[in-house]
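> Here is what each chain is made of, one letter per residue.
Number of protein chains: 2
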Amino acid sequence: MEQPQAMEKVESVDVTEANAVAAGTNKLTKRIVAAGLGGKLMGTKSMVDVTADQLAKDSINELLARDKALKEKYEKQKHISEQPWTKDNWHQHINWLNMILVCGLPLFGAIATYYKPPTKETVILGVVLYILGGLSITAGYHRLWSHRAYSARTPLKVLFALFGAGAVEGSIKWWSHSHRVHHRYTDTHRDPYDARKGFWYSHMGWMLTKPNPRYKARADISDLADDWIVRFQHRHYLLIMTFMALILPTIIAKYFWDDAWGGFIYGGIFKVFVIQQATFCVNSLAHWIGVQPFDDRRTPRDHFLTAIVTFGEGYHNFHHEFPSDYRNALKWYQYDPTKIVIYLSSKVGLSYNLKTFSDNAIKQGLVQQQQKKLDSMRAHLNWGTPLQDLPVWDKSEFFEKSKDKKGLVIISGIVHNVENFIGEHPGGEKLVKGALGKDATTAFNGGVYAHSNAAHNLLATMRVAVIRDGNANANTFSLQNEFLDKKAAAAAASN
Amino acid sequence: MEQPQAMEKVESVDVTEANAVAAGTNKLTKRIVAAGLGGKLMGTKSMVDVTADQLAKDSINELLARDKALKEKYEKQKHISEQPWTKDNWHQHINWLNMILVCGLPLFGAIATYYKPPTKETVILGVVLYILGGLSITAGYHRLWSHRAYSARTPLKVLFALFGAGAVEGSIKWWSHSHRVHHRYTDTHRDPYDARKGFWYSHMGWMLTKPNPRYKARADISDLADDWIVRFQHRHYLLIMTFMALILPTIIAKYFWDDAWGGFIYGGIFKVFVIQQATFCVNSLAHWIGVQPFDDRRTPRDHFLTAIVTFGEGYHNFHHEFPSDYRNALKWYQYDPTKIVIYLSSKVGLSYNLKTFSDNAIKQGLVQQQQKKLDSMRAHLNWGTPLQDLPVWDKSEFFEKSKDKKGLVIISGIVHNVENFIGEHPGGEKLVKGALGKDATTAFNGGVYAHSNAAHNLLATMRVAVIRDGNANANTFSLQNEFLDKKAAAAAASN
Ligand code: HEM
Ligand code: HEM
Ligand SMILES: [Fe+2]
Ligand SMILES: [Fe+2]
Ligand SMILES: [Fe+2]
Ligand SMILES: [Fe+2]
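From first to last, the protein sequence lines stand for chains H and Z.
The first sequence begins at 1 in the UniProt record's numbering and counts up one residue at a time.
The second sequence begins at 1 in the UniProt record's numbering and counts up one residue at a time.
These are calculated hints, taken from the structure and not from any lab test.
These numbers were taken from a predicted model, which means no experiment stands behind them.
Heads up, a few of these hints could be off.
[Said to hold, decoys possible] List time: in silico DSSO-like cross-link candidates among lysine-lysine, alpha-carbon distance up to 30 Å:
| hint | chain 1 | residue 1 | chain 2 | residue 2 |
| --- | --- | --- | --- | --- |
| 1 | Z | K355 | H | K355 |
| 2 | H | K438 | H | K395 |
| 3 | H | K433 | Z | K363 |
| 4 | H | K486 | Z | K68 |
| 5 | Z | K430 | H | K216 |
| 6 | Z | K430 | H | K355 |
| 7 | Z | K438 | H | K355 |
| 8 | H | K486 | Z | K9 |
| 9 | Z | K197 | H | K486 |
| 10 | Z | K438 | H | K486 |
| 11 | H | K9 | Z | K486 |
| 12 | Z | K486 | H | K197 |
| 13 | H | K373 | Z | K486 |
| 14 | H | K430 | Z | K355 |
| 15 | Z | K372 | H | K363 |
| 16 | H | K355 | Z | K433 |
| 17 | Z | K486 | H | K216 |
| 18 | Z | K373 | H | K363 |
| 19 | H | K438 | Z | K9 |
| 20 | H | K68 | Z | K406 |
| 21 | Z | K433 | H | K405 |
| 22 | Z | K430 | H | K430 |
| 23 | H | K331 | Z | K363 |
| 24 | Z | K405 | H | K9 |
| 25 | Z | K355 | H | K438 |
| 26 | H | K372 | Z | K331 |
| 27 | H | K210 | H | K197 |
| 28 | Z | K363 | H | K372 |
| 29 | H | K363 | Z | K363 |
| 30 | Z | K395 | H | K433 |
| 31 | H | K9 | Z | K395 |
| 32 | Z | K406 | H | K9 |
| 33 | H | K433 | Z | K401 |
| 34 | Z | K438 | Z | K486 |
| 35 | H | K78 | H | K210 |
| 36 | Z | K363 | H | K430 |
| 37 | Z | K372 | H | K433 |
[Unchecked claim] Some chain H residues close to chain Z (C-beta under 8 Å, calculated; not the full set):
| hint | residue |
| --- | --- |
| 38 | A18 |
| 39 | P213 |
| 40 | V274 |
Each residue gets a CB set at the ideal place from its N, CA and C atoms; glycine is no exception.
Construct all of the structure, not just a fragment, from the sequences and the given hints.
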């Protein structure tokens, strides 16, 4: 080998550089700006409010400099999000555009429903659009674009991009970016839907109030910028959204059963409201109710109810652990229609390369989490004084003490005080009484009765001393197994 | 201390003697013989077929001598139970008395029901007697007398003795004796209902065929012999049984609503059949279906269905572990009416001294069994090659190999080949590619992203070598926690 000595040092990954890669700030990415008012929509504005020039220069240094400027700015004057809510400033806390889109519109719709009861056809239209919109968010925005859990062909992507826009949750580009940030920074200040700030905050509060610019974060979305569908949808988002969300249902209902107004309210506004609330639940409900079979250090949880509400995104503890698995539910009896749609689409050639984590990796996670729970249960139980903390008695001391204390018995070189247990012994008082002052190792371990785990555990809680040179063995149970094995071997030999 | 040297040896419990105590053969016990035909009933005959003289002499030596004689006898000629069933000897295999009591009678009843449909009053009578009989077996025969799980006052004991006799399952003395033997010798030849011999055998087969005398076993029942109610019931068993099982319902039905024949069939025979089958399920169903939360080395199991059928004796895995606990079900949502009856009887002063095992002991059992399951799951998973089985590479070797093999990366002093994972990386290809040929310990452990359990597990499966002097740490996860703790401490210090 001709490697010079100096080369013997392995180069470490440059963390700053790698962070820039992870943030997508290390190189010139395709610039995607939404047209007109669209750029202002649902937070997309802040995303595109940089010039192409800035984006190109956006090295890690630039980023650090900007961070510094921000810090200085808010050292002098606190950002609105850091000020308490008062009757003078409350309107400044609020993101009014979002407020209109996720509260105002539904409110208008709710009032309208009062004047306009739905027709049967319109209800069906609303339900169909609800399902298409919801699945476009879960199978499209979430599993396909945010997590690359599989690859999709153009027709399917177009479908998802259109009906996903109709759900009025922002463009793919904006949605997937925040979502990647959420995964990378779960339960930190940088997590846009930070569940630690309460159920309400993670459900809608985060988008209705102004975020603290101190906690800005970025994720690399250059793969999305390479996708013309993502680019196109983002550029013309406002147009596509309005058409898909409101105009299309109005036209359909007008054309086929002459119910334009109903189509607008139920197929449009009301449908949008329901999809929004349903998918918002992935950020709230999925971080609040349920079990944590894979990891309990963070908030994500698995719950059947969340799955029902969110087209199958309810096994969120699993999802945060295995984000690029195209499945959310693993078991056949768990509800995950999104998984089924993806699977079926692959069968008809509309998608391919469905990613799954290995059964091995999944089971490992389960085993580790269960182990953690067991260990914490175990730590709360009384397993008897450890042998090293017990006094050591000579045999003569044992005889002496046995005279005044009428409950001492030796098992496995350990002295136990079974006084209080004599009357409780399931095998009767006589047997225990007959063992007092004696060594009952063999009798206890199978000579008379091969005691259960429970009996060995109880016994351990009664330890009082160790016998000197007594071959003490804290694991009385292993001793019993040895004894029984020997007996079985002897029986086998004698046959 | 004046103990002479010779006394320094601790006396061991004499196993032979203790076994005699456990078998109740060490001393003269009160002799209880059933009157007349009663002595022959349901196996009680063999129990009393010893003279008072013999019982008194029944030391362990006597027992051993008898065992020897038995062995010699059946060495020359095989016992019927050891011979195959043929068309010549099948009738010798069968215990005809029991056959009549648990099969013949019900068959007769079944035919009779065809000719005599029940009246409403008679059905109610049958159900009430069924409940009284069933509870007398579970709360009385089983938990009170067999297991001393609590103490009962005379009125309650009389009730249990009467209605228990009416269930036609033998006397308390006989029943509790076999049951104690069953617990002590579960799943061995000496277990009267040995579940290893099949569902049918443990359900009824054991009582319908002749048992092998080679496998006789005994349990101490001197406490029962001290109970006048047990003695009285055993002495007059046949009389009490016939009256309680058949005559009483006939009289009631005749006297109050003039349906003697119905009372006999439904309140008598049919009721007996149902109670018998229900309680037999404790020996069959409870050893066959369900889960084993406390111990899986033996057959007892917990199942809701068994509980429903047996007045709450369905948590049999728990019961074998904690036999003298007056409860069978621990959780409020588990079905155990027997427990409730015992509890209520204690509230009205009919019983006292209800025994329970400590929560600690119960949880210990659960923890141990879960640990066992986890360990076996863990053993079936791939946790990566143990460090000691990996080749050791110099750093120069790592450089060399990194040239041809394009997937090597060092994390925690261990070389991993991540080639096949690059395309699967949920955090994108770029980050992993940027780490190839480098040490990514810090980046992987929180410098860029604090990877989940799952990621650490996956990583371990990709191990290929250990770096010489590289401070290898198989537990990459502990390393990550250290790193994060340090970061948190630094952040706290800088605030
Ligand atoms: C001194 C501490 C003892 C403890 C804590 C203890 C505990 C227990 C427990 C919990 C049971 C219920 C069944 C089981 O869990 O395995 C049991 C049953 C039994 N024990 Fe012990 N025991 C002790 C001593 C002894 C000794 C010294 C003997 C014999 C010389 C003995 C003989 C039996 C027998 C024969 C049974 C069977 C009862 C049955 O299941 O019907 N035990 N014991
Ligand atoms: C070479 C072995 C690697 C494996 C087996 C691995 C595995 C994983 C896995 C399973 C995830 C999903 C989330 C999680 O489970 O924590 C993940 C996410 C991530 N990884 Fe890695 N990784 C590796 C290397 C790296 C390296 C070297 C970096 C950085 C330089 C990195 C950066 C990230 C980032 C930023 C995410 C966040 C993605 C998200 O949740 O949105 N990984 N990785
Ligand atoms: Fe989440
Ligand atoms: Fe996600
Ligand atoms: Fe049993
Ligand atoms: Fe029992």
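> Does each hint hold? Answer for all of them.
For each hint, the structure was consulted:
1. Taking the CA atoms of Z:K355 and H:K355, the gap is about 55 Å. The hint is violated against a cut of 30 Å.
2. Between the alpha carbons of H:K438 and H:K395 the distance comes to roughly 11 Å, so the proposed pair stays at or under 30 Å and holds.
3. A C-alpha spacing of about 28 Å is found between H:K433 and Z:K363, which places the hinted pair at or below 30 Å, so the restraint holds.
4. For the suggested pair H:K486 and Z:K68, the alpha carbons sit about 23 Å apart, so the restraint of at most 30 Å is met.
5. As the CA atoms of Z:K430 and H:K216 are separated by approximately 22 Å, the hinted pair is consistent with the 30 Å bound.
6. With a C-alpha separation of about 18 Å, the suggested pairing of Z:K430 with H:K355 holds against the 30 Å cut-off.
7. For the hint pairing Z:K438 with H:K355, the CA-to-CA distance comes to about 27 Å; that is within 30 Å, so the pair holds.
8. For the hint linking H:K486 to Z:K9, the alpha-carbon distance of about 24 Å falls within 30 Å, and the restraint holds.
9. Restraint check for Z:K197 and H:K486: the C-alpha separation of about 25 Å stays at or below 30 Å, so the hint holds.
10. A hinted pair counts as satisfied when its Cα atoms are at most 30 Å apart, and Z:K438 with H:K486 does not qualify at roughly 55 Å.
11. Restraint check: the Cα-Cα separation between H:K9 and Z:K486 comes to about 25 Å, which is no more than 30 Å; the hinted pair holds.
12. Between Z:K486 and H:K197 the alpha-carbon distance is near 25 Å, which keeps this suggested pair within the 30 Å criterion.
13. Restraint check for H:K373 and Z:K486: satisfied, since their Cα atoms lie roughly 25 Å apart, inside the 30 Å limit.
14. At roughly 18 Å between alpha-carbon atoms, H:K430 and Z:K355 fall within 30 Å of each other, so this suggested pair holds.
15. For the suggested pair Z:K372 and H:K363, the alpha carbons sit about 16 Å apart, so the restraint of at most 30 Å is met.
16. A threshold of 30 Å between alpha carbons decides the hint, and for H:K355 with Z:K433 the separation of about 19 Å falls inside it, so the pair holds.
17. Under the criterion of a C-alpha separation no larger than 30 Å, the hint pairing Z:K486 with H:K216 is consistent with the structure, at around 23 Å.
18. For the suggested pair Z:K373 and H:K363, the alpha carbons sit about 13 Å apart, so the restraint of at most 30 Å is met.
19. This hinted pair checks out: H:K438 and Z:K9 have alpha carbons roughly 10 Å apart, not beyond 30 Å.
20. Taking the CA atoms of H:K68 and Z:K406, the gap is near 39 Å; set against the 30 Å cutoff, the hint is violated.
21. A hinted pair counts as satisfied when its Cα atoms are at most 30 Å apart, and Z:K433 with H:K405 does not qualify at roughly 72 Å.
22. The hinted pair formed by Z:K430 and H:K430 fails the criterion: a straight-line CA distance of about 74 Å is larger than 30 Å.
23. Of the pairs offered as hints, the one joining H:K331 and Z:K363 holds, with about 29 Å between alpha carbons and a cut-off of 30 Å not exceeded.
24. Of the pairs offered as hints, the one joining Z:K405 and H:K9 holds, with about 19 Å between alpha carbons and a cut-off of 30 Å not exceeded.
25. For the suggested pair Z:K355 and H:K438, the alpha carbons sit about 27 Å apart, so the restraint of at most 30 Å is met.
26. For the suggested pair H:K372 and Z:K331, the alpha carbons sit about 24 Å apart, so the restraint of at most 30 Å is met.
27. Taking the CA atoms of H:K210 and H:K197, the gap is near 14 Å; set against the 30 Å cutoff, the hint holds.
28. Taking the CA atoms of Z:K363 and H:K372, the gap is near 16 Å; set against the 30 Å cutoff, the hint holds.
29. Distance hint between H:K363 and Z:K363 is fulfilled; the C-alpha atoms sit about 25 Å from each other, no more than 30 Å.
30. Simply put, Z:K395 and H:K433 have alpha-carbon atoms about 68 Å apart, too far for the 30 Å limit, and the pair is violated.
31. Taken as a hint, the H:K9 and Z:K395 pair is honoured in the structure, with Cα atoms around 7 Å apart against an allowance of 30 Å.
32. With a C-alpha separation of about 19 Å, the suggested pairing of Z:K406 with H:K9 holds against the 30 Å cut-off.
33. Distance restraint check for H:K433 and Z:K401: the Cα-Cα separation of roughly 72 Å exceeds the 30 Å cut-off, and the hinted pair is therefore not satisfied.
34. Only pairs whose Cα atoms come within 30 Å are accepted, and Z:K438 paired with Z:K486 is accepted, the gap being roughly 23 Å.
35. Simply put, H:K78 and H:K210 have alpha-carbon atoms about 13 Å apart, close enough for the 30 Å limit, and the pair holds.
36. Note on Z:K363 and H:K430: the hinted pairing holds, with a Cα-Cα distance of about 28 Å set against a maximum of 30 Å.
37. Of the pairs offered as hints, the one joining Z:K372 and H:K433 is violated, with about 33 Å between alpha carbons and a cut-off of 30 Å exceeded.
38. Residue-level restraint check for H:A18 holds (minimum Cβ-Cβ distance to chain Z is 5 Å; threshold 8 Å).
39. Hint on H:P213 is violated. Least Cβ distance to chain Z is approximately 19 Å, over the 8 Å limit.
40. With 8 Å as the threshold, the beta carbon of H:V274 stays out of range of chain Z, its nearest partner Cβ sitting at about 30 Å, so the hint is violated.
The earlier numbered hints that this structure contradicts are 1, 10, 20, 21, 22, 30, 33, 37, 39 and 40.
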